[in-house]
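Chains as they are written, first to last, in UniProt numbering: chain G, 1 to 540; chain U, 1 to 540.
Just so you know, these hints were derived from the structure itself, not from any lab. Do not take every clue at face value.
It does not matter which identical chain is meant; a pair holds if it fits inside one copy or across any two.
Subject to a maximum C-alpha distance of 25 Å in a straight line, what follows is the list of computed BS3-like cross-link-like pairs (lysine-lysine) [said to hold, decoys possible]:
1) 492 <-> 270
2) 51 <-> 361
3) 51 <-> 66
4) 90 <-> 424
5) 257 <-> 60
6) 66 <-> 469
7) 492 <-> 90
8) 257 <-> 367
9) 361 <-> 492
10) 424 <-> 78
11) 51 <-> 367
12) 361 <-> 66
13) 51 <-> 78
14) 257 <-> 90
15) 66 <-> 90
16) 60 <-> 367
17) 367 <-> 424
18) 78 <-> 66
19) 367 <-> 492
20) 469 <-> 492
There are 2 protein chains.
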Amino acid sequence: MSYQVFDTSLRDGAQREGISYSVVDKLAIARLLDEFGVGFIEGGWPGAMPKDTEFFRRAKTELDLKHAVLVAFGSTRKAGVDVADDQQVKALLDAETPVVCLVAKSDIRHVERALRTTGDENLAMVRDTVAFLVSHGRRVFVDCEHFFDGYRHDPDYTASVVHAAFAGGAERVVMCDTNGGMLPSQITRAIGELTERLGVPADQLGIHCQNDTSCAVANTVAAVEAGVRHFQCTANGYGERPGNADLFAVVANLQLKLGLPVLPDGCLEKAVRVSHAIAEIANLTPDTHQAYVGAAAFAHKAGLHASAIKVDPLLYNHVDPAVVGNDMRILVTEMAGRASIELKSRELGIELSGHQDALSKVTQQVKDLEAVGWSFEAADASFELLVRDHVPGAAYDRPFELESYRVLVEHRADGTVVSEATVKMRVRGERVITTAEGNGPVNAIDEALRTGLTAHYPELANFELADYKVRILEGSHGTNAVTRVLVETSDKQRDWTTVGVHDNVVEASWHALVDALTYGLAHTTPASAPRSGSWGNSSQ
Amino acid sequence: MSYQVFDTSLRDGAQREGISYSVVDKLAIARLLDEFGVGFIEGGWPGAMPKDTEFFRRAKTELDLKHAVLVAFGSTRKAGVDVADDQQVKALLDAETPVVCLVAKSDIRHVERALRTTGDENLAMVRDTVAFLVSHGRRVFVDCEHFFDGYRHDPDYTASVVHAAFAGGAERVVMCDTNGGMLPSQITRAIGELTERLGVPADQLGIHCQNDTSCAVANTVAAVEAGVRHFQCTANGYGERPGNADLFAVVANLQLKLGLPVLPDGCLEKAVRVSHAIAEIANLTPDTHQAYVGAAAFAHKAGLHASAIKVDPLLYNHVDPAVVGNDMRILVTEMAGRASIELKSRELGIELSGHQDALSKVTQQVKDLEAVGWSFEAADASFELLVRDHVPGAAYDRPFELESYRVLVEHRADGTVVSEATVKMRVRGERVITTAEGNGPVNAIDEALRTGLTAHYPELANFELADYKVRILEGSHGTNAVTRVLVETSDKQRDWTTVGVHDNVVEASWHALVDALTYGLAHTTPASAPRSGSWGNSSQ
């Protein structure tokens, strides 16, 4: 029997503080999840959420899923109402999905205090709604809310809810740790006991864990080890409170550590890309430290390790990063020392072993800059510029010399807000003055720079500012803080990231923008092609 | 026998990408960890890291620890060198800590390939170094690196390392999952088997887990359930790659779920404060979604839950948030609807049940603003202003009326960077024009505002900009993005957070600053004291 990888990023995952998906977002995420090979995509709660009704409507014609089937989520009928008259249940049918997942109360206290009905009526609600949907040709899963808490409080009642669901024709009954309070050993023990009491084998059940004890992934894995084959996750563990079980960690653990073939062949290696793409759509910064897929997941820092890794990468990585689409990175930081800087430079195509003096200077400069807020860990292009400046003959040409710039932001009496920047510089010997407007001060500066440079460097037209991140360091001093800006630039073939640090956000941005143009032009114009070996891909 | 709560935030935790502690930072963190009641604070690697040598030197006179003892970390002597001649070991003694924790190779492959020595010499290195330090009066713990991988590969060799450590006089031998590849069931099984093979009871061993499978907390808990009483964690799980086991989650799980008294009385409830303070020092944004201590850990969003929570909070929280120093929050978002907005307003002191029309308008305005990037989840003061504006008689006075402002940033030909802002406004009927300079455009605007208002509102002098966060939304469009600014203001008695959203970072900041002043003045000047009930504490 195969595994049911059930993703609820679009329903439960959307509950996370800060997430707000448009219908277009949801369709895009559904395609990504399908690429990753999940079996079920819970798309939302039609009827209850207007955007979800719209999602299911458009999905019929706009989604062409290869691996997954769509699931509509909803609840059992209202107490005291005939299931055929329940509008919310009707909306579930209208979504026209092959599968419906119903949430049911399985803790008698919730039945009585939250739903304000009787235990028996709740059982009828479960049985009726399941049977109704099955009679209309739907596969039905039942999410038993507060399952473990309910089972601990009144095992007979919770067992009767499970039986009612199966009696109605449910394909799977899912044990939900809704409050997220379980530990793995408790999950293992509970599943062992209750499968016996219920007379239901573990493979008829599903598991859905929340992360309130920081054990959602571990709890999910424990349930699968106990025989459960249906597990519910969200991409990147997004969800309410501390979130849900992270789809990527669960699947990677099951496949790589326990050898269970939960995804179709070739899917696991898409993990990094799918994880980051979904974060992008969610408008959330990818978690650098996320297991398996984080940018730092296989990044080795300590000087101790860095020297040994040269020896044998597999001695230090618990799995080969490539199997999840990741790679090993050497981080450049003050803790790393010469060995890491030498390794990192080599990674970027600059061989420093014959330039010990340059290596010492680079190491010292990195330490000094980091002491005042600079960080090169995510800005390989800026790091490369720094290193090259110390190696005779390897420095990149500077496309221009700045004389001065000014930026003005005005909120006028009529309420309009305008930004304008003027840059004065020398480009290939010629003095250039340009002025441009923008959406904000940094955009205005960027536009002015480009306006002034494009005549001399037409390839600049292909450079696009792909991402712009601002971080205030020592924020407890409010706006009297050091600002670190990371700029990601793309010319559609490659990405590169640069950094700038200054009290002043405009000056910090200026530095990052100039590095970005310098690096980008050095790697495109024939006249300034890199002199040593192949240049490194510095996309983070 | 009691538990040994061993924190390595200052040594292993400091390996995290982006962390760089000064000596002052380390002393401050050590005091916080001591307040939290940990038993051991691993302060760093003296000799190897100059800052750590300095830390141990200053700790002798500047740290007055009540619960914890300090631990110096280092490694076994070099291969082929007499322990008494090893400078690194000497530095360990010079740190004058009661405890030393030595890292030893326990995987024969690492001994041969990374250390390039023989298995026997490594055993001698372990035994000699432990014995040497014990003879000098130190308590010695031995961290067996790559323990589980090594044990799986060559159990006899790893067992011999453990025996060598105890033979030398080590108090505890710690099993380190250095690559972080273990799952909880594997930890449980391994400890069961190896304690038998070793003839060493579990309570003589320690556990140190890395988070590469996203199971560090679960693995640590599993080890304790298997009888281990010494466990190594870091605050907030900081560490290399996906990090270490989070101290707060481990301790909370052990105390609250398993009833094990691992911390002194009264310490667990300091978790939130200590967690956030350490994040502050580390210059890292606290993880809102962290288990137990995150700002959103007990924050309920779904309209479904919000209405039920009014009924019985403990039905929805896996523990009482107060036991870790946290509290329950109702989040305001478009998913929440009227019920949550009504609850949230009540939390802030505004009763909307008698103002259904206002409630509808507020709900609609929140949805509309959120659709273009606004978020009130972390900005209670801005939310309160919005609500009050809809309730007759409850709106706060606006301290001034803006006519216009302008901000200039100049990078002059001499290289200096200056920022200057001019604000024109009407304050209590009088037209005021002020100009101020600042470190950056937002600071200049803030200074200009205050300069213009302080004559009329002297209490403004107590308001301090405590935190300023910028987030670019839809960053994939580079600087043509919407900027969301969160401003936290403090008057030393309370904090309040406001938000501003706009294409232009200056305008977005302006909005948040104005809200901050409006809210702050409304809560301090007698003439504009809040009209309805007690005002809410909106510190996030």
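>> Treating 25 Å as the Cα threshold, decide for residue 66 and residue 90: within, between, both or neither.
In response: neither (27 Å within a copy, 64 Å between copies)
>> At most 25 Å between alpha carbons: which applies to residue 469 and residue 492, within, between, both or neither?
In response: Result: close within a single copy only, 20 Å intra versus 30 Å inter.
> From the Cα coordinates, with 25 Å as the cut-off, is the pair residue 51 and residue 66 best called within, between, both, or neither?
Replying inline: Answer is within; shortest intra-copy Cα gap is 24 Å, inter-copy 56 Å.
>> At most 25 Å between alpha carbons: which applies to residue 66 and residue 469, within, between, both or neither?
In response: The answer is neither: 36 Å in one copy and 42 Å across copies each exceed 25 Å.
> Taking 25 Å as the upper bound on the Cα-Cα distance, should residue 492 and residue 90 be classified as within, between, both, or neither?
Replying inline: Classified as neither: same-chain Cα gap 47 Å, cross-chain 55 Å, threshold 25 Å.
> For residue 90 vs residue 424, is the C-alpha pair at or below 25 Å within one copy, between two copies, both, or neither?
Replying inline: neither (66 Å within a copy, 59 Å between copies)
>> Regarding residue 361 and residue 492, is the shortest C-alpha distance of 25 Å or less found within a copy, between copies, in both, or in neither?
In response: Close neither inside one copy (34 Å) nor across copies (45 Å); limit 25 Å.
> Is the C-alpha distance from residue 492 to residue 270 at most 25 Å within one copy, between copies, in both cases, or in neither?
Replying inline: Cα proximity of residue 492 and residue 270: one copy only (20 Å, versus 50 Å across).
>> Within a copy, between copies, both or neither: which one fits residue 60 and residue 367 at a CA-CA cutoff of 25 Å?
In response: neither (56 Å within a copy, 27 Å between copies)
> For the identical chains here, do residue 51 and residue 78 meet the 25 Å Cα criterion within one copy, between copies, both, or neither?
Replying inline: Intra 22 Å, inter 65 Å, cutoff 25 Å: intra-copy only.
>> I want to check one pair: residue 51 and residue 361. Are their C-alpha atoms no more than 25 Å apart within a copy, between two copies, both, or neither?
In response: This pair counts as between: shortest inter-copy Cα distance 20 Å, intra-copy 57 Å.
> Under a CA distance limit of 25 Å, which applies to residue 424 and residue 78: within one copy, between copies, both, or neither?
Replying inline: Result: close neither inside a copy nor across copies, 70 Å intra and 59 Å inter.
Checked against the numbered hints listed earlier, the structure breaks hints 4, 5, 6, 7, 8, 9, 10, 12, 14, 15, 16, 17, 18, 19; every other hint is satisfied.
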